[in-house]
Structure formats: C-alpha cells, structure tokens
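S.K.: Sequence:
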Amino acid sequence: MPGSNNLLSVLLSASLFLVTPLLTHAQQPARDTLPPPKVQQLSEISIIQQKALVERKTDRLIYNVTSSVGAAGANGLEVMARVPGLRVTDNLIAIAGKGAVKVMVNGRIIPLAGEDLQRYLKSMSAGEIARVEVITNPSAAYDADGNAGLINIVTRRDRNQGFSGEIQAGGKLSDYGFKKLYGVSNYGTMSAGGNFSYNTPKWSLYGNLNYEHGRFLEGFGIDLQYPNRFWSQTDTGNYKIRNLNLVLGTDYKISNRTTIGFNYSGARTAYIGDDHVNNPVFNTSSMLDSLLRTFATYQPVAWSTGLNLHLVTKLDSSGKQFSVDADYFNYYRTDKSDFISQRYDGKGEAITNGTTKYFDTNKQAINIYTLKADLQWPTAFANYAFGAKLSFINNYSNVFYYRNLQGEMEYDKSLSNEYDYTENTQAVYATAAKEAGKWKLNAGLRMEATQTKGVSHVQDNTMNNNYVKLFPSFSADWNYHNDNHLAFTFGKRINRPVFWDLNPYKSLTTAYSYLEGNPYLQPEYNSNFELSHHWQQRFTAAAFLNITNNGFNRITVATPDNNTVYTTPVNFLKIYRYGLSASATLQPLPWLESINQVSGYHTDARSALPNIPDINGMSVYLATNNNIALNKDKTLMAALNFWCQFPEVDHNGKSNTYYNMDLGLKAVCLQNRMSIALNGADLFRSSASIVRSTVNNIPQTFTHFQVNRHIRLSVSYKLGHSTRKREVRGTGNEEERKRT
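In terms of mature numbering (1 follows the signal peptide of the UniProt record, and there is no 0), the sequence shown is residues -26 to -1, 1 to 714.
It is worth saying that the hints were derived from the structure and are not from the lab. Since the structure is predicted, the reported quantities are computational estimates derived from the model, not experimental observations. Some clues are possibly wrong.
In silico DSS-like cross-links for lysine-lysine, where the CA-CA straight-line distance does not exceed 27 angstroms [claimed, not checked]:
(1) Lys387 to Lys337
(2) Lys331 to Lys480
(3) Lys692 to Lys25
(4) Lys692 to Lys176
(5) Lys466 to Lys548
(6) Lys414 to Lys31
(7) Lys176 to Lys294
(8) Lys387 to Lys427
(9) Lys25 to Lys606
(10) Lys214 to Lys331
(11) Lys466 to Lys31
(12) Lys31 to Lys294
(13) Lys337 to Lys427
(14) Lys294 to Lys408
(15) Lys408 to Lys288
(16) Lys321 to Lys331
(17) Lys176 to Lys227
(18) Lys288 to Lys227
(19) Lys227 to Lys294
(20) Lys443 to Lys466
(21) Lys310 to Lys214
(22) Lys214 to Lys480
(23) Lys337 to Lys480
(24) Lys414 to Lys294
(25) Lys480 to Lys387
(26) Lys480 to Lys427
(27) Lys25 to Lys608
(28) Lys606 to Lys692
(29) Lys331 to Lys310
(30) Lys310 to Lys387
(31) Lys31 to Lys412
(32) Lys408 to Lys31
(33) Lys214 to Lys154
(34) Lys548 to Lys443
(35) Lys628 to Lys548
(36) Lys443 to Lys427
(37) Lys412 to Lys294
(38) Lys466 to Lys427
(39) Lys25 to Lys414
(40) Lys310 to Lys337
Please model the complete structure; the sequences and the hints are all you need to start from.
M.R.: In structure tokens form, the structure reads like this:
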C-alpha cells in the first residue's frame, strides 16, 4: 500500500499533538473532573443530577439520551444520528471510519435493514430510550453478525415501587427551502406518546406507546457519463407517514432467586405516497437528446410483532446464574404500485408508442423462532459463561407485475418472482474473564453452523448453502498507573446479506432501469483489531485495523450500447482500513460539557471484478457535542453539535465532504417534571453525501437527497416518581431481526 508509512506518520503526529496535552493535563489536579451524581431531597421528590452525556468503556461508548438536549423530542433514528461517532446516512447506520453496525433494542437484534430499519427506528421516540450503547468489540456471548460491532438501544424502565411514567408530544417542520413541492408546503410531523411502569415486590408492569403522523420527501440521483452521452436520473419520493409503536411487558418474581417474564413489542409503519422520476439524456454537445419521465404510486404498510418469554434463576449466592429465552418475531409487509413511464424527444414532445404502464403487488412475510440459553459460572480462578442458541427463519416474498394494456392487465412473468427462503443456525459459545492485579482479560469463542435454502418458484431455481464458522474474541486491559489503561481488542464477525438482497426479484424505477436481488450473494467476514489508551472515562487514543473479506456492495451496471441500467449486490471486495483516533470528554467550565472526537484513517478497497477498479485514499472525521448550562441550577440548557466527514473511500466509490450542525435549547420546570425543548437540525442542509465511482469504464455519481434540516418543538411531563432506576432485559432473537 503505497504511502502507508507517510500516512501513518502524519496520523500519529496529529494524534499525539491532540492527545499529549490532554494526558499532561491529566497529571495535574483536574478542575474539570465530572462529579458523581448527587441526590438532594426536596419534600417528597428526589432530584438526581443528570448523568454525563457520554460514558466511555474499553469495549463500548454509552450515550445517555436523557442527558441530551439535542435528542429531546426526536425519534429513534434521529437519536442515533446524535451519538458521537455514529453516522446515519442513506439507509445506513455506521461507526465513522469503521463501517456498518447491526442494531439491537434491549439486546435483541432488529432483523430489518435499509429503509425498513430506519422506518422502524423512526416509529420509536426519544422519550422511551434511556441510552444508546455503541459496542465496538462484542464478546462471543453476542451473535457474530455486524461488521464494526453492535448498537444496543436500551429503553426506559423504572424499578421503583409504585407507578411512574412520562408523556411526550412534539411537532417537527422540515425545511425543503420553504417552498411548495408537489402541491404541498406543510412537510413535517406530529408525534405523541408515553411510557409507564408499575412495580410491586412481586410484579413489574411496563409499557411504551408512540404515534407519528406527517409527511416528508426522500430520494436519490444517479448520473452516468457514457462516451457519447450523459445519462441522468433523479428519483424523489413524496410520502405520508403513519407510525405506531407499542411495547408491553411484565415480570413476576417467583422467589428470591427466580424471575419469569413476558414481553410484547409491535409496530405498524405506513409510508403512502408517490415517486417522481426524471431521466434526461444529453448528447456530447450538452443538448437534450431524449427524456423519460416516470410516476409511480406506492402504498407500503408493514406490521411487526415480537414476543419474548424468559426465565432467570440464580443458582447460588456466588453469582452462578442460568437464563433461557424463547422468542418469536413476525414481519409482514405489503405494497402495491401503479407505474407509468413516458418517453419524450429532444424537443420535449411525447414519442408515439413511448408509454409504458405497469401495475404490481408485492409482499414479504418473515417468521423467526429462536431459543437461547446462557449460563454464568464464576469461580475463584475466572468468571466463565457458556451458552447455546437455535434460530429458525422462514421468509416468503413475492412481486407480481402486470402490463397495463389500455386498461387490461397482462401478467409479466419475466419481471415477476415468488421466493421462499429458509435459514437455520445453531450456535454455541464459551467465554472466560479474569482479573489479575492490574490486568483484566476476556477471551471467547463462538461457533455458528448455518444452513440456507432459497427457492425461486417463477424462475425455477434453488440455491443451497451450508457452512460452519468460528468467531473468536479477545480483550486485554492493563491499568498500569493512576487509572491509565492500555487495552487491546480483537474480534471476528460476519455480515449476512439482508433477505431482500438474496431475492432474485426486479423492482422497476423506470421502463429502462431497475433493482435486482442476487440469490448467490454470500456473507462477508470482518476482522477488527484495536490498541487503545484510556485515562479515566474521558481521554482515549487508539490505533485500529479492520479487514473485510468477500465484501459485497450494490453496484449500478450500465453498458455504452444499451440504455438499460440495473443495480444489484455483488461479492467482489477486499477492504483494508487502518488509522488513528482520539477522543476527549471535557468539562473545562462548570457550565460546559464537551465531547470531542477525531479519526484519521486510510482505506484500500481491492476489487475482484475486472470492470470495477481498485480504489484507495485517506479520510478524516471530526465531531464535537456540547451541552451548555445557561443558569446555575442547569434547568435551562443549550446544545451545539457539529460533525464533518471529509472525502472517504466508500466500498468501490469515493464520497465528497459533508457535514452537519445542530442547535438546541431545553428548559426544565415544575419541580423537574416538565421539559420543553426547541431544536434545529442540519442547519446548513449539508449532511447528505455524494459518491463517485466507475463501473465498466463509465463514471457514475450517486447523490443522496437527504434533507434533514428541520425545527422541532417538544414537551414532556413526568408522572409518579421522578427518581428512576432503569433496568432492561434482552431477548434471544437479537441477531436475526436486523436482516429483513
């Protein structure tokens, strides 16, 4: 890798320049040390000083949502976008500089991906989220899925005796330039919801309910530079949203050692609207040669249901514990579309016989059953853990296309598809953790055996797969002096394709462009290494290396002598990414809490396909999150958050520089029970990326039409006790629920 030594020298110098003053400061009396929480008794209401916005541990970063000004009133996806170091871009949630992650809620991996996952997270409210954990090196006890690690969303749960809860309401106005688009000027959403807990010595009841109603725009653009023409496509979706999310659960304490519980989670997400596609083609003189316009209506509605039954029993007083989880998850999504494309000549006049009309219906039905058992077995030598998991996945999906011939529907078998997919996985793991003097060691090994079968009924194809893989994990932490830690972590992980990518369906965007699945797509494998230095929970410097084998990505394929353009996922990449990072959590003044991060890294993406060239380059990511107290009691707070992603290699392409700035204001009143927040997000409307790549010697540009700039006003009110002890329990199907 040419230039690697120079790059590492530059990055190392920059990292030392940033971190050395901080470590020097660490040897002096630290006036900005974060104090422990204090409790002050006022009448019958206990007020707890809020937690630090960010807590850092060797294997994870914890973002306390209840301490965030900017997250107040946000939905779950917007909360993720405010976590330092997390990037939420077009249908992707990733750790800056390290790659995509899987998302869990209370330890359960959500088996959704892309827009389905993002829409599910939008149905959640910040009011039901206690914290977000960014787990960069999951142990072998976790499922092996996830490139750069796992994100765990921990919901709020009050363990105090009696009743407590919170209600929230808010409104968001999106800014698309404050002009009428598609006949609409009131793009925005209204949301309302609440949560409750009721506890007795034996019983615990809890629940969350959230509803969102509004409309928004989303879309993308693709430009292709052919040798003799320039092909351009913009696709803008205009949608009404109706999201409902419900969680109900109960735990019963059979004895002092044994608890059983049941949890239900359900969501309904509806995005009803239409797509507007504009596809001009220009000649070498930049004159319009032809134009294709497409209008399509969509009515996607999805229902998800999750059921969990669990038992936890303490075997003795030494910490030995056995737990078992039985889970069921169902995801059912339907859609139907009317589709019309019209071709025009260079003068803008409609071409005779240039009209194409389709009608299609599609659905996806996923059933996931899992059974998971875990045993914790501490001894005088080390703390051991053992576990096993069985997972059974059934996925049925179809898409049926009909040509609309002057009002008569003619079935089109060449575009239609009916697909059955099954995936069974058996996993076992063992871990050992030991403390010896100043050392903390943790080692584990997970084995996963997977059998898959995909059947395309229309195409009469069957694809089988059977593989067994080992996933080791290791961490070592050395507290060598005054809470200065050196840590080394290693983990191997797998990234399985989402179900839609395995389905050999075709989804039309115009009469000449479409998306297509790939039933031969294989998982990719990731090896992650990191050497880091930590002082307290406030300063961190790290060097990291991530290696991806058999990497896949969606590529857009076009040929100079054919107007047809299609996008499909393919395994073709081996990626090396290495770099340095530094972070600091500071409180230099009593009224300022500042979390800062910088990462510099080099990416080398090597292609196995002759029509896609290798690409490499370096990048830098910067972020700062600041909470500012505007009065002594900290009942009036402001927030200023900013991040910037400089150009980076993104699979087989390279992005531009894009950045984001948020401002927020939050007031607490009525004895700390009511909160009122006003937030402005993406103030410069600059958080969407542009990615440039080359396929078949044809340069192409992919533009995300993300417009995240908005103003949000939210109000929340606490019921019952104001002192909260939150505790949650995960479930057993955390791996599979990401991949829908």
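S.K.: It remains to establish, for every hint, whether it holds in the given structure.
M.R.: Comparing the hints with the structure gives:
Note on Lys387 and Lys337: the hinted pairing holds, with a Cα-Cα distance of about 17 angstroms set against a maximum of 27 angstroms. The hinted pair formed by Lys331 and Lys480 meets the criterion: a straight-line CA distance of about 16 angstroms does not exceed 27 angstroms. The straight-line distance between the Cα atoms of Lys692 and Lys25 is roughly 18 angstroms, inside the 27 angstroms bound, and the hint therefore holds. At most 27 angstroms may separate the alpha-carbon atoms for a hinted pair to count; Lys692 and Lys176 meet this at roughly 24 angstroms.
Annotation: proposed proximity of Lys466 to Lys548 holds, straight-line Cα distance about 15 angstroms (limit 27 angstroms). Restraint check for Lys414 and Lys31: the C-alpha separation of about 13 angstroms stays at or below 27 angstroms, so the hint holds. As the CA atoms of Lys176 and Lys294 are separated by approximately 22 angstroms, the hinted pair is consistent with the 27 angstroms bound. The hinted pair formed by Lys387 and Lys427 meets the criterion: a straight-line CA distance of about 22 angstroms does not exceed 27 angstroms.
Annotation: proposed proximity of Lys25 to Lys606 holds, straight-line Cα distance about 17 angstroms (limit 27 angstroms). With a C-alpha separation of about 24 angstroms, the suggested pairing of Lys214 with Lys331 holds against the 27 angstroms cut-off. Distance hint between Lys466 and Lys31 is fulfilled; the C-alpha atoms sit about 20 angstroms from each other, no more than 27 angstroms. Distance restraint check for Lys31 and Lys294: the Cα-Cα separation of roughly 25 angstroms lies within the 27 angstroms cut-off, and the hinted pair is therefore satisfied.
With a C-alpha separation of about 19 angstroms, the suggested pair Lys337 and Lys427 falls inside the 27 angstroms cut-off, and the hint holds. Under the criterion of a C-alpha separation no larger than 27 angstroms, the hint pairing Lys294 with Lys408 is consistent with the structure, at around 16 angstroms. Between the alpha carbons of Lys408 and Lys288 the distance comes to roughly 21 angstroms, so the proposed pair stays at or under 27 angstroms and holds. Of the pairs offered as hints, the one joining Lys321 and Lys331 holds, with about 23 angstroms between alpha carbons and a cut-off of 27 angstroms not exceeded.
For the given pair, Lys176 sits about 5 angstroms from Lys227 by alpha-carbon distance, which is consistent with the 27 angstroms threshold. Distance hint between Lys288 and Lys227 is fulfilled; the C-alpha atoms sit about 12 angstroms from each other, no more than 27 angstroms. A threshold of 27 angstroms between alpha carbons decides the hint, and for Lys227 with Lys294 the separation of about 18 angstroms falls inside it, so the pair holds. Restraint check: the Cα-Cα separation between Lys443 and Lys466 comes to about 10 angstroms, which is no more than 27 angstroms; the hinted pair holds.
Between the alpha carbons of Lys310 and Lys214 the distance comes to roughly 15 angstroms, so the proposed pair stays at or under 27 angstroms and holds. Among the hinted pairs, Lys214 with Lys480 is consistent with the structure: their alpha-carbon atoms are about 25 angstroms apart, no more than 27 angstroms. At roughly 13 angstroms between alpha-carbon atoms, Lys337 and Lys480 fall within 27 angstroms of each other, so this suggested pair holds. The hinted pair formed by Lys414 and Lys294 meets the criterion: a straight-line CA distance of about 20 angstroms does not exceed 27 angstroms.
A threshold of 27 angstroms between alpha carbons decides the hint, and for Lys480 with Lys387 the separation of about 11 angstroms falls inside it, so the pair holds. For the proposed pair Lys480 and Lys427, the alpha carbon gap of about 20 angstroms is at most 27 angstroms, so the pair holds. A hinted pair counts as satisfied when its Cα atoms are at most 27 angstroms apart, and Lys25 with Lys608 qualifies at roughly 13 angstroms. Proposed proximity of Lys606 and Lys692 is supported: the alpha carbons are some 22 angstroms apart, at most 27 angstroms.
For the hint linking Lys331 to Lys310, the alpha-carbon distance of about 14 angstroms falls within 27 angstroms, and the restraint holds. In summary, the hint linking Lys310 to Lys387 is supported, as the alpha carbons are separated by about 17 angstroms, within the 27 angstroms threshold. For the hint linking Lys31 to Lys412, the alpha-carbon distance of about 16 angstroms falls within 27 angstroms, and the restraint holds. Between Lys408 and Lys31, the direct Cα distance comes to roughly 17 angstroms. Compliance with the 27 angstroms bound is thereby established for this hinted pair.
In summary, the hint linking Lys214 to Lys154 is supported, as the alpha carbons are separated by about 15 angstroms, within the 27 angstroms threshold. As the CA atoms of Lys548 and Lys443 are separated by approximately 19 angstroms, the hinted pair is consistent with the 27 angstroms bound. Taking the CA atoms of Lys628 and Lys548, the gap is near 16 angstroms; set against the 27 angstroms cutoff, the hint holds. Proximity of Lys443 to Lys427 is assessed by CA-CA distance (about 18 angstroms); at most 27 angstroms being required, the pair is judged to hold.
Straight-line distance between C-alpha atoms of Lys412 and Lys294 comes to about 25 angstroms, which keeps the hinted pair within the 27 angstroms bound. Under the criterion of a C-alpha separation no larger than 27 angstroms, the hint pairing Lys466 with Lys427 is consistent with the structure, at around 25 angstroms. Restraint check for Lys25 and Lys414: satisfied, since their Cα atoms lie roughly 26 angstroms apart, inside the 27 angstroms limit. For a cut-off of 27 angstroms, the pair hint linking Lys310 to Lys337 stands: about 9 angstroms separates their Cα positions.
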